[in-house]
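2 protein chains.
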Amino acid sequence: MRNICMKVSYDGTNYSGFQTQPDGNAIQDYLEKAIDMLTGEKVKIHASGRTDAGVHAYGQVFHFHTTSKIPVERWCMALNSRLPRDIMVTEAREVPLDFHSRRSAKRKTYRYTINANQFPDLFRRNTELHHPGKLNVEAMSEGLKYLIGTHDFTSFASRHSTKPSHIRTVYDVHIERDQSMCRPGTRDQGLIHLYITGNGFLQHMVRIIAGTLLEVGKGRKKPEDIASILEAKDRMKAGPTAESKGLILWNVEYENFN
Amino acid sequence: MRNICMKVSYDGTNYSGFQTQPDGNAIQDYLEKAIDMLTGEKVKIHASGRTDAGVHAYGQVFHFHTTSKIPVERWCMALNSRLPRDIMVTEAREVPLDFHSRRSAKRKTYRYTINANQFPDLFRRNTELHHPGKLNVEAMSEGLKYLIGTHDFTSFASRHSTKPSHIRTVYDVHIERDQSMCRPGTRDQGLIHLYITGNGFLQHMVRIIAGTLLEVGKGRKKPEDIASILEAKDRMKAGPTAESKGLILWNVEYENFN
Numbered sequence: 001m002r003n004i005c006m007k008v009s010y011d012g013t014n015y016s017g018f019q020t021q022p023d024g025n026a027i028q029d030y031l032e033k034a035i036d037m038l039t040g041e042k043v044k045i046h047a048s049g050r051t052d053a054g055v056h057a058y059g060q061v062f063h064f065h066t067t068s069k070i071p072v073e074r075w076c077m078a079l080n081s082r083l084p085r086d087i088m089v090t091e092a093r094e095v096p097l098d099f100h101s102r103r104s105a106k107r108k109t110y111r112y113t114i115n116a117n118q119f120p121d122l123f124r125r126n127t128e129l130h131h132p133g134k135l136n137v138e139a140m141s142e143g144l145k146y147l148i149g150t151h152d153f154t155s156f157a158s159r160h161s162t163k164p165s166h167i168r169t170v171y172d173v174h175i176e177r178d179q180s181m182c183r184p185g186t187r188d189q190g191l192i193h194l195y196i197t198g199n200g201f202l203q204h205m206v207r208i209i210a211g212t213l214l215e216v217g218k219g220r221k222k223p224e225d226i227a228s229i230l231e232a233k234d235r236m237k238a239g240p241t242a243e244s245k246g247l248i249l250w251n252v253e254y255e256n257f258n
Numbered sequence: 001m002r003n004i005c006m007k008v009s010y011d012g013t014n015y016s017g018f019q020t021q022p023d024g025n026a027i028q029d030y031l032e033k034a035i036d037m038l039t040g041e042k043v044k045i046h047a048s049g050r051t052d053a054g055v056h057a058y059g060q061v062f063h064f065h066t067t068s069k070i071p072v073e074r075w076c077m078a079l080n081s082r083l084p085r086d087i088m089v090t091e092a093r094e095v096p097l098d099f100h101s102r103r104s105a106k107r108k109t110y111r112y113t114i115n116a117n118q119f120p121d122l123f124r125r126n127t128e129l130h131h132p133g134k135l136n137v138e139a140m141s142e143g144l145k146y147l148i149g150t151h152d153f154t155s156f157a158s159r160h161s162t163k164p165s166h167i168r169t170v171y172d173v174h175i176e177r178d179q180s181m182c183r184p185g186t187r188d189q190g191l192i193h194l195y196i197t198g199n200g201f202l203q204h205m206v207r208i209i210a211g212t213l214l215e216v217g218k219g220r221k222k223p224e225d226i227a228s229i230l231e232a233k234d235r236m237k238a239g240p241t242a243e244s245k246g247l248i249l250w251n252v253e254y255e256n257f258n
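Line order of the protein sequences matches chains A and B. Sequential numbering of the first sequence, starting at 1, is according to UniProt numbering. Sequential numbering of the second sequence, starting at 1, is according to UniProt numbering.
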């Protein structure tokens, strides 16, 4: 028995999320089908975490056990030729049998993208939230700082979260701006990429953080409100859940495997 | 009678090119339909030039004559709400009646994008040519220089070109590299954006230039071969026509209107 670990990118637009669905239209379903076509084995894959419908991944990680003898360097090409064009594996390694994509993960990074130009970018319209209104990006950056550290993130979790503990650690959170496509003489404010790295994330956590941050950017909330929202442990105090299409699972890090 | 000039972006993936088609699936058809829905007038729009099926535009320009009294600042929103999501007008102006999008154009810029990473970028797969093999980008840049100036571009034009003269002037041509998505420790070479600005372009000209440049990058042709290919005035001497999806009409410039 071998344990194969892979990195996968996907455009989540046309899928019902990562986790297997009765309609077979989840990313997991297509990956398992491709592995079955290749090896003749009905394996169950385990990812670092689920992503919701419409959420994308640049560096999602999953593993599975197999008796197949296909050398690791062949897996990517072999699977990609059996996958839809918007799902693509980019790395394969053989890992110790006790490696687990979710349990062994040390840090995860998500990116949420807001396009604050007057017009959406046609070519990225499925991977950005369009918000043409004025945003105070400095206030947004300031508000973000309150998230760093170990907190109870109940205010930033879906009410349907079933996790026994809502305590998580955020290691880093920052904004990167891309103003390369701003048209001179307009109110274009460029792309705002919000990167957040932590030891784990609750359901909708990054999207609620993005939605709350937008309120700060609009001036409806103050940067320091983020601290009191955290303290309240009350989902009602935070902003709305931002649309899934702006979210991408960027990277997952492991102790001895990156 | 008024002359309205607009800028339009489109993702050409799902269309049969700019110019009106019997099946009604050209960009022009959708724009004219939207104007008809808005004004009740069956206008004919004139663009700065056609783009082929699968070719995109960031800053295509077109104009049309209308008796509609809608103020210019309302046109963009009004048309965009009547256009498919992958066609978007981003600017509208009233121009002198003798302004013509094609005849008045002074300079046009196209961009051709080659992704030279090991894997295609899922999120840009419709707007880049994927070429994972080793490319000598310095040789490509050197080869490009021979195109600058006024030349007979017969070698770089479709055999079906019906233009009486193949003499065009290339003002600027350069490569911009984007290595932000290269994964360390891999043979990823990043994105290669080829920008070319001229007073006009022949059918397939930029795509044949891109295809020939790829031959230079692969070492099958030398940079200085570009000079002798130009001189030969023979389409057979140049490289293949590169795929349409990597091409985008970037910008069109006018004397008193940019």
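For the record, the hints were derived by calculation from the structure and aren't laboratory data. Among the hints, a few may not be true.
Copies of the same chain look alike in the list, so a pair counts if it fits in one copy or across any two.
[Said to hold, decoys possible] Mimicking SDA-like on lysine to any residue, the simulated pairs with C-alpha atoms at most 25 Å apart in a straight line are: (1) K7 / D188; (2) K33 / F123; (3) K222 / N251; (4) K42 / S161; (5) K134 / E73; (6) K222 / S104; (7) K7 / R124; (8) K222 / M37; (9) K237 / G211; (10) K7 / N126; (11) K42 / P120; (12) K145 / P120; (13) K237 / R107; (14) K218 / G133; (15) K106 / G185; (16) K134 / Y146; (17) K163 / R82.
Taking the hints in turn, this is what the structure says about them:
In the homo-oligomer, the alpha carbons of K7 and D188 lie at most 25 Å apart only across protomers (16 Å), although the nearest pairing inside one protomer, at 35 Å, exceeds that limit. Taking the shortest Cα distances, K33 and F123 sit within 25 Å of each other only across copies (23 Å), while inside one copy they are farther apart (30 Å). In this assembly of identical chains, K222 and N251 lie within 25 Å of each other by CA distance neither inside one copy nor across copies; the values are 30 Å within and 40 Å between. In the homo-oligomer, the alpha carbons of K42 and S161 never lie at most 25 Å apart, since the shortest distance is 30 Å inside one protomer and 55 Å across protomers.
Taking the shortest Cα distances, K134 and E73 sit within 25 Å of each other only across copies (19 Å), while inside one copy they are farther apart (49 Å). For a Cα distance limit of 25 Å, the shortest separation of K222 from S104 qualifies neither inside one copy, at 37 Å, nor across copies, at 51 Å. Proximity of K7 to R124 under the C-alpha cut-off of 25 Å is found in both arrangements, the shortest distances being 22 Å within a copy and 19 Å between copies. Taking the closest pair of Cα atoms, K222 and M37 never come within 25 Å of each other, the shortest separation being 53 Å inside a single copy and 44 Å across copies.
For the identical chains of this complex, K237 and G211 are intra-copy neighbours only, at 12 Å inside a copy versus 56 Å across copies, given an alpha-carbon limit of 25 Å. For the identical chains of this complex, K7 and N126 are neighbours both inside a copy (21 Å) and across copies (22 Å), given an alpha-carbon limit of 25 Å. In this assembly of identical chains, K42 and P120 lie within 25 Å of each other by CA distance neither inside one copy nor across copies; the values are 42 Å within and 28 Å between. Within a single copy, K145 and P120 get their C-alpha atoms no closer than 28 Å, and across copies no closer than 35 Å, so neither meets the 25 Å cut-off.
Taking CA atoms no more than 25 Å apart as the test, K237 paired with R107 passes in neither setting, with 27 Å inside one copy and 54 Å between copies. In this homomeric assembly, K218 and G133 come within 25 Å of each other (Cα to Cα) only inside a single copy, at 8 Å, whereas the closest approach across copies is 47 Å. Proximity of K106 and G185 under a CA criterion of 25 Å is satisfied inter-copy only: 21 Å between copies versus 45 Å inside one chain copy. Only within a single protomer do K134 and Y146 lie at most 25 Å apart by alpha-carbon distance; the minimum there is 23 Å, versus 46 Å between protomers.
Proximity of K163 and R82 under a CA criterion of 25 Å is satisfied in neither setting, with 35 Å inside one chain copy and 45 Å between copies.
When the structure is compared with the earlier hints, violations turn up for hints 3, 4, 6, 8, 11, 12, 13, 17 and for no others.
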